[in-house]
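Listed here are the chains, written in short residue letters.
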Amino acid sequence: DAKTTQPTSMDCAEGRAANLPCNHSTISGNEYVYWYRQIHSQGPQYIIHGLKNNETNEMASLIITEDRKSSTLILPHATLRDTAVYYCIVRVKTGGTSYGKLTFGQGTILTVHP
Amino acid sequence: KAGVTQTPRYLIKTRGQQVTLSCSPISGHRSVSWYQQTPGQGLQFLFEYFSETQRNKGNFPGRFSGRQFSNSRSEMNVSTLELGDSALYLCASSPQRAGSYEQYFGPGTRLTVT
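Heads up: the protein sequence lines correspond to chains A and B, in order. With the numbering used here as the guide, the letters of the first sequence map in order to residues 7 to 120. With the numbering used here as the guide, the letters of the second sequence map in order to residues -3 to 110.
Don't read these hints as lab results, they were simulated from the structure. There may be inaccurate statements among the hints.
In silico EDC-like pairs for lysine to aspartate or glutamate, Cα to Cα no more than 20 Å straight-line [what the hints assert, rightly or not]: (1) A:K58 to A:D73; (2) A:K99 to B:E98; (3) A:K9 to B:E98.
If we strip away everything but chain A, and leave its shape as in the complex, we get:
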């Protein structure tokens, strides 16, 4: 799986958009970008994933650059409950050594302030 680089921490004001960047310059053509988050003492929560097109769901939007070497997770209206560690993971969807395996880095600690 391709390696990812994320900032260690970020701050955001409540109600504003939180934009979390992720670099994955060695991503392969069949690798997807997945985002998970982990609120303190809970299990990680799936947020969104994409291959090359921008994606949006009820939780967030995912913007992937045209060269696919970086992406941004956008929480459009951050709330205090969005304070968590956000993990960007690049992987093939399934198969071989990736079966059921997510490789977590250190992630970005997002703190949402009132």
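Please build the complex by placing chain B on the supplied structure of chain A, with the hints as guidance.
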């Protein structure tokens, strides 16, 4: 739909003992993965089971083992516990079918080895 459940939520064992943790996946999910989370090493993949077969394994010693039953429920076992096995153990289930490979995590079992 009920989420992933793990039992017990908290456990205290002494060195040398063995422990069994249980995971019930989301209904219809056939894949179950297990992870260990510690402050020093972060989230690390242990193994994945699909249709009662281990398909993938992380880099952990043989003291860590698991199994999956025909109803997709899974157990993991740690024998000869060491102090370093103190961790949050997380299980995740996945539909593992076309277009749907994301993982959904349970709340975890907090194991303390004294």
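Tested hints:
| no. | hint | result |
| --- | --- | --- |
| 1 | A:K58 to A:D73 | 9 Å, holds |
| 2 | A:K99 to B:E98 | 8 Å, holds |
| 3 | A:K9 to B:E98 | 19 Å, holds |
Checked against the numbered hints given earlier, this structure breaks none of them.
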